[in-house]
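Generate coordinates for the entire structure from the input sequences, incorporating the hints supplied.
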Amino acid sequence: MNVLITSAASATAQIIAGALGSDHTLRLTDLPGSASGDIIANELGHESETDQLVAGIDAIVNIGYQGQSGSNTHLMDYHTRRMYNLLQAASNAGVKRYINISTLKLFQDLEENLVVTEKWRSDPPAEDIELLVAHMAEYVCKEFARDRLIQVVNLRLGWPFIGDSSAGPSDTAAISHGMIGESITAALVAEELIQWQDIHVQSPVDHQRFITKTAARLLPELAGRLSS
Amino acid sequence: MKILILGGNGMLGPWAVKALQDRHDILLTDINDPYPEYKGEFQKLSVDDVDGVVKAAEGMDMIVNLSVLRPHRKIAFDVNTMGNYAMMLAAREHRIKRVITTGPHYQKVGQQYEEWDFDLTPDMPPAPGTRLYAHTKALGQEICRVFSERHGIQVITLLYYNMKHSWNLGGPEAPVVYHEDMVPFSTAWQDCGTAVQAAVEVPEERLASKNESFFIFPDLPHRKFDNEKTRRVLGWKPRYQVERLWNKDSRNPESNLTEAF
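Chains as they are written, first to last, in my numbering: chain A, 1 to 228; chain B, 1 to 261.
In case anyone wonders, no lab produced these hints; they're calculated from the structure. Just so you know, even glycine gets a beta-carbon here, dropped at the ideal spot from N, CA and C. Hints should not be assumed to be uniformly reliable.
If we take Cβ atoms under 10 Å as the criterion, some of the chain A residues that face chain B in the derived model are [said to hold, decoys possible]:
hint: 1; residue: Asp-77
hint: 2; residue: Pro-125
hint: 3; residue: Glu-127
hint: 4; residue: Leu-132
hint: 5; residue: Val-140
hint: 6; residue: Leu-149
Below, computed lysine to aspartate or glutamate pairings styled on EDC-like, alpha-carbon distance capped at 20 Å [stated by the list, open to error]:
hint: 7; chain 1: B; residue 1: Lys-237; chain 2: B; residue 2: Glu-201
hint: 8; chain 1: A; residue 1: Lys-213; chain 2: A; residue 2: Asp-198
hint: 9; chain 1: B; residue 1: Lys-74; chain 2: A; residue 2: Glu-49
hint: 10; chain 1: A; residue 1: Lys-213; chain 2: A; residue 2: Glu-112
hint: 11; chain 1: B; residue 1: Lys-74; chain 2: A; residue 2: Asp-51
hint: 12; chain 1: B; residue 1: Lys-97; chain 2: B; residue 2: Asp-25
hint: 13; chain 1: A; residue 1: Lys-142; chain 2: B; residue 2: Glu-114
hint: 14; chain 1: B; residue 1: Lys-74; chain 2: A; residue 2: Glu-43
hint: 15; chain 1: B; residue 1: Lys-44; chain 2: B; residue 2: Glu-58
hint: 16; chain 1: B; residue 1: Lys-229; chain 2: B; residue 2: Glu-204
hint: 17; chain 1: B; residue 1: Lys-18; chain 2: B; residue 2: Asp-33
hint: 18; chain 1: B; residue 1: Lys-229; chain 2: B; residue 2: Asp-117
hint: 19; chain 1: B; residue 1: Lys-210; chain 2: B; residue 2: Glu-93
hint: 20; chain 1: B; residue 1: Lys-44; chain 2: B; residue 2: Asp-25
hint: 21; chain 1: B; residue 1: Lys-97; chain 2: B; residue 2: Glu-205
hint: 22; chain 1: B; residue 1: Lys-224; chain 2: B; residue 2: Glu-115
hint: 23; chain 1: B; residue 1: Lys-74; chain 2: A; residue 2: Glu-47
hint: 24; chain 1: B; residue 1: Lys-229; chain 2: B; residue 2: Asp-219
hint: 25; chain 1: B; residue 1: Lys-39; chain 2: B; residue 2: Asp-25
hint: 26; chain 1: B; residue 1: Lys-55; chain 2: B; residue 2: Glu-93
hint: 27; chain 1: B; residue 1: Lys-210; chain 2: A; residue 2: Asp-123
hint: 28; chain 1: B; residue 1: Lys-210; chain 2: A; residue 2: Glu-127
hint: 29; chain 1: A; residue 1: Lys-213; chain 2: A; residue 2: Glu-191
hint: 30; chain 1: B; residue 1: Lys-97; chain 2: A; residue 2: Glu-127
Cβ-Cβ distance ranges computed for the label pairs, FRET-style [stated by the list, open to error]:
hint: 31; chain 1: A; residue 1: Gln-195; chain 2: B; residue 2: Gly-235; range: 35 to 43 Å
hint: 32; chain 1: B; residue 1: Met-1; chain 2: A; residue 2: Leu-110; range: 34 to 42 Å
hint: 33; chain 1: B; residue 1: Glu-243; chain 2: A; residue 2: Asn-92; range: 39 to 47 Å
hint: 34; chain 1: A; residue 1: Asp-38; chain 2: B; residue 2: Tyr-35; range: 50 to 58 Å
hint: 35; chain 1: A; residue 1: Gly-45; chain 2: B; residue 2: Asp-181; range: 37 to 45 Å
hint: 36; chain 1: B; residue 1: Glu-243; chain 2: A; residue 2: Glu-43; range: 49 to 57 Å
hint: 37; chain 1: A; residue 1: Asp-206; chain 2: B; residue 2: Gly-59; range: 47 to 55 Å
hint: 38; chain 1: B; residue 1: Arg-239; chain 2: A; residue 2: Asn-92; range: 44 to 52 Å
hint: 39; chain 1: B; residue 1: Glu-93; chain 2: A; residue 2: Pro-160; range: 27 to 35 Å
hint: 40; chain 1: A; residue 1: Ala-55; chain 2: B; residue 2: Glu-93; range: 41 to 49 Å
Below you can see the structure in the form of structure tokens.
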């Protein structure tokens with residue numbers, strides 16, 4: 001499968017690219033200030049460059065949370081206008097699936113004892129620009145799915161990301177690098193998805209904070225590794 | 001009350017200013033020069049200039065955002081989305097308690113509602129879809145909602161659709177056509193302006209939440225959209241019913257013997 005990964009210089013994108021690289025043909029992109037090496041510099045504007053970027057692509061993995069840095073207005077612009085441009089180009093090119101990497105931190109202000117699932121409304125704080133723009137990116141994606149222009153998987157990942165180390169006692173929403181890669185690998189090929197599909201994923205840890213039954217149901221490759 | 005008006009030199013701005021200027025102190029801002037008849041305080045300002053908007057809002061009691069940009073892929077986001085972000089940052093910075101924003105009906109009621117349903121209200125979950133104007137305005141409204149919930153800022157969103165000149169009921173489309181299929185959400189420009197006044201002056205206790213939206217149109221018989229809340233809560237009374245667009249009784253007699261009637 002030909003997969004485009006955005007914000008490719010970010011730590012999240014590098015985890016994902018590492019996981020997908022052996023089974024898929026990757027095209028990496030980021031804004032000109034961040035792109036280097038194999039990463040294609042692209043502004044995600046509304047001109048033909050973005051059309052060329054998505055040509056021949058089967059699926060896009062978009063880093064919708066902490067893929068970019070900069071001023072508040074830059075982040076707002078990136079996660080609204082540039083997301084719109086990318087989705088418009090992808091829709092026009094017939095890209096089949098768009099995986100938006102979001103975060104379960106959108107629910108962090110809810111008490112830990114609550115049984116939070118995909119059916120809960122997220123609650124982005126206005127004062128945290130990274131979470132606010134993650135929410136706005138979700139909003140843009142959802143409208144493209146609503147208009148049935150592209151199928152969107154909104155994958156909300158837990159935090160923190162843990163590599164080889166195990167989660168600390170307070171990391172009740174942690175997700176391992178391995179679980180990140182496997183969930184995206186599975187989301188690329190999952191078949192039972194609706195046009196707009198929220199999926200929450202975190203690793204099974206002590207006092208696990210978020211329910212992952214939707215992921216277990218829709219991403220069967222993960223089922224044995226998620227908390228039941 | 002001291003009111004900052006953003007994007008006040010567009011099509012709606014002069015009508016809103018006319019309704020407000022004898023009752024409130026206005027700082028009109030726009031990226032373009034003010035219209036010739038305007039004699040009040042003015043500052044050239046682009047609504048997406050976040051620092052400029054925050055600075056202009058200092059000492060204000062309220063912000064009214066009338067800015068709009070429809071077709072350009074970048075500027076539509078700058079004005080319709082970033083403009084509301086700038087407004088809400090300014091409101092938070094200066095502890096401004098109420099902001100009023102405006103937009104098209106389909107930033108809330110997109111095609112999936114409008115083409116299927118009736119009795120549409122402004123309290124339905126937004127479904128703007130991907131049409132640029134609706135989408136960018138809806139993003140702006142969502143930013144307002146988040147700031148409102150977090151900071152208790154009263155947001156009033158006035159939604160319009162089809163504006164008409166009161167004297168001939170003409171609008172953007174020309175020439176005017178009477179007694180044919182009309183947009184069942186049409187409003188005279190004067191009434192569009194007085195709706196802004198109503199939103200500025202409505203007592204807080206009449207608003208059910210910190211984030212309220214209103215459809216601005218007179219009583220129309222179609223029942224496609226519902227304006228009951230606007231009348232009840234804002235107390236807005238449109239002067240023009242645009243009746244010649246929907247009532248054949250208002251046409252001239254075929255004999256043209258108008259004096260006999």
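Results for each hint:
A distance limit of 10 Å between C-beta atoms decides the matter here; for Asp-77 of chain A the minimum to chain B is near 7 Å, and the interface restraint holds. For the restraint placing Pro-125 of chain A at the interface with chain B, the shortest Cβ-Cβ distance is roughly 6 Å, inside the 10 Å limit, so the hint holds. The beta carbon of Glu-127 of chain A comes within 7 Å of a beta carbon in chain B, closer than 10 Å, and the hint placing it at the interface holds. For the restraint placing Leu-132 of chain A at the interface with chain B, the shortest Cβ-Cβ distance is roughly 6 Å, inside the 10 Å limit, so the hint holds.
Among the interface hints, the one on Val-140 of chain A holds; its C-beta lies about 7 Å from the nearest C-beta in chain B, closer than the 10 Å criterion. About 6 Å separates the beta-carbon of Leu-149 of chain A from the nearest beta-carbon of chain B, less than 10 Å, and the hint is met. Between Lys-237 of chain B and Glu-201 of chain B the alpha-carbon distance is near 14 Å, which keeps this suggested pair within the 20 Å criterion. Among the hinted pairs, Lys-213 of chain A with Asp-198 of chain A is consistent with the structure: their alpha-carbon atoms are about 12 Å apart, no more than 20 Å.
Restraint check for Lys-74 of chain B and Glu-49 of chain A: satisfied, since their Cα atoms lie roughly 15 Å apart, inside the 20 Å limit. In summary, the hint linking Lys-213 of chain A to Glu-112 of chain A is supported, as the alpha carbons are separated by about 17 Å, within the 20 Å threshold. Note on Lys-74 of chain B and Asp-51 of chain A: the hinted pairing holds, with a Cα-Cα distance of about 16 Å set against a maximum of 20 Å. The hinted pair formed by Lys-97 of chain B and Asp-25 of chain B meets the criterion: a straight-line CA distance of about 17 Å does not exceed 20 Å.
For the suggested pair Lys-142 of chain A and Glu-114 of chain B, the alpha carbons sit about 19 Å apart, so the restraint of at most 20 Å is met. Note on Lys-74 of chain B and Glu-43 of chain A: the hinted pairing holds, with a Cα-Cα distance of about 12 Å set against a maximum of 20 Å. A hinted pair counts as satisfied when its Cα atoms are at most 20 Å apart, and Lys-44 of chain B with Glu-58 of chain B qualifies at roughly 16 Å. Proximity of Lys-229 of chain B to Glu-204 of chain B is assessed by CA-CA distance (about 15 Å); at most 20 Å being required, the pair is judged to hold.
Our distance criterion of 20 Å between C-alpha atoms is met by Lys-18 of chain B and Asp-33 of chain B, whose separation comes to about 17 Å. The suggested pairing of Lys-229 of chain B with Asp-117 of chain B holds, with an alpha-carbon distance near 18 Å, which does not exceed 20 Å. Restraint check for Lys-210 of chain B and Glu-93 of chain B: the C-alpha separation of about 18 Å stays at or below 20 Å, so the hint holds. Restraint check for Lys-44 of chain B and Asp-25 of chain B: satisfied, since their Cα atoms lie roughly 17 Å apart, inside the 20 Å limit.
For the hint pairing Lys-97 of chain B with Glu-205 of chain B, the CA-to-CA distance comes to about 13 Å; that is within 20 Å, so the pair holds. Of the supplied pair hints, the one linking Lys-224 of chain B and Glu-115 of chain B holds, its CA atoms being roughly 10 Å apart against a limit of 20 Å. A distance of roughly 11 Å separates the Cα atoms of Lys-74 of chain B and Glu-47 of chain A; the hinted pair therefore holds under the 20 Å criterion. Note on Lys-229 of chain B and Asp-219 of chain B: the hinted pairing holds, with a Cα-Cα distance of about 12 Å set against a maximum of 20 Å.
Of the supplied pair hints, the one linking Lys-39 of chain B and Asp-25 of chain B holds, its CA atoms being roughly 12 Å apart against a limit of 20 Å. Using a Cα cut-off of 20 Å, the hinted pair Lys-55 of chain B and Glu-93 of chain B holds, with the two alpha carbons roughly 10 Å apart. The hinted pair formed by Lys-210 of chain B and Asp-123 of chain A meets the criterion: a straight-line CA distance of about 16 Å does not exceed 20 Å. A hinted pair counts as satisfied when its Cα atoms are at most 20 Å apart, and Lys-210 of chain B with Glu-127 of chain A qualifies at roughly 18 Å.
Straight-line distance between C-alpha atoms of Lys-213 of chain A and Glu-191 of chain A comes to about 16 Å, which keeps the hinted pair within the 20 Å bound. Distance check on the hinted pair: Lys-97 of chain B and Glu-127 of chain A sit about 17 Å apart at the alpha-carbon level, within 20 Å; holds. Look at Gln-195 of chain A against Gly-235 of chain B: about 42 Å separates their beta carbons, and that is inside 35 to 43 Å. At roughly 38 Å, the beta carbons of Met-1 of chain B and Leu-110 of chain A sit within the given window of 34 to 42 Å.
For Glu-243 of chain B and Asn-92 of chain A, the Cβ-Cβ distance of about 44 Å falls inside the hinted range of 39 to 47 Å, so the restraint holds. About 54 Å separates the C-beta atoms of Asp-38 of chain A and Tyr-35 of chain B, a value consistent with the hinted range of 50 to 58 Å. Between Gly-45 of chain A and Asp-181 of chain B the beta carbon distance is about 39 Å. The supplied range of 37 to 45 Å therefore holds. Evaluation of the 49 to 57 Å hint for Glu-243 of chain B and Glu-43 of chain A yields a pass: the beta carbon distance comes to about 51 Å.
For the pair Asp-206 of chain A and Gly-59 of chain B, the supplied restraint of 47 to 55 Å holds, since their beta-carbon distance comes to about 53 Å. At roughly 46 Å, the beta-carbon separation of Arg-239 of chain B and Asn-92 of chain A lies within the given 44 to 52 Å, and the hint holds. The hinted window of 27 to 35 Å between Glu-93 of chain B and Pro-160 of chain A holds, with their beta carbons roughly 32 Å apart. In this structure the hint that Ala-55 of chain A and Glu-93 of chain B lie 41 to 49 Å apart at CB holds, the actual value being about 44 Å.
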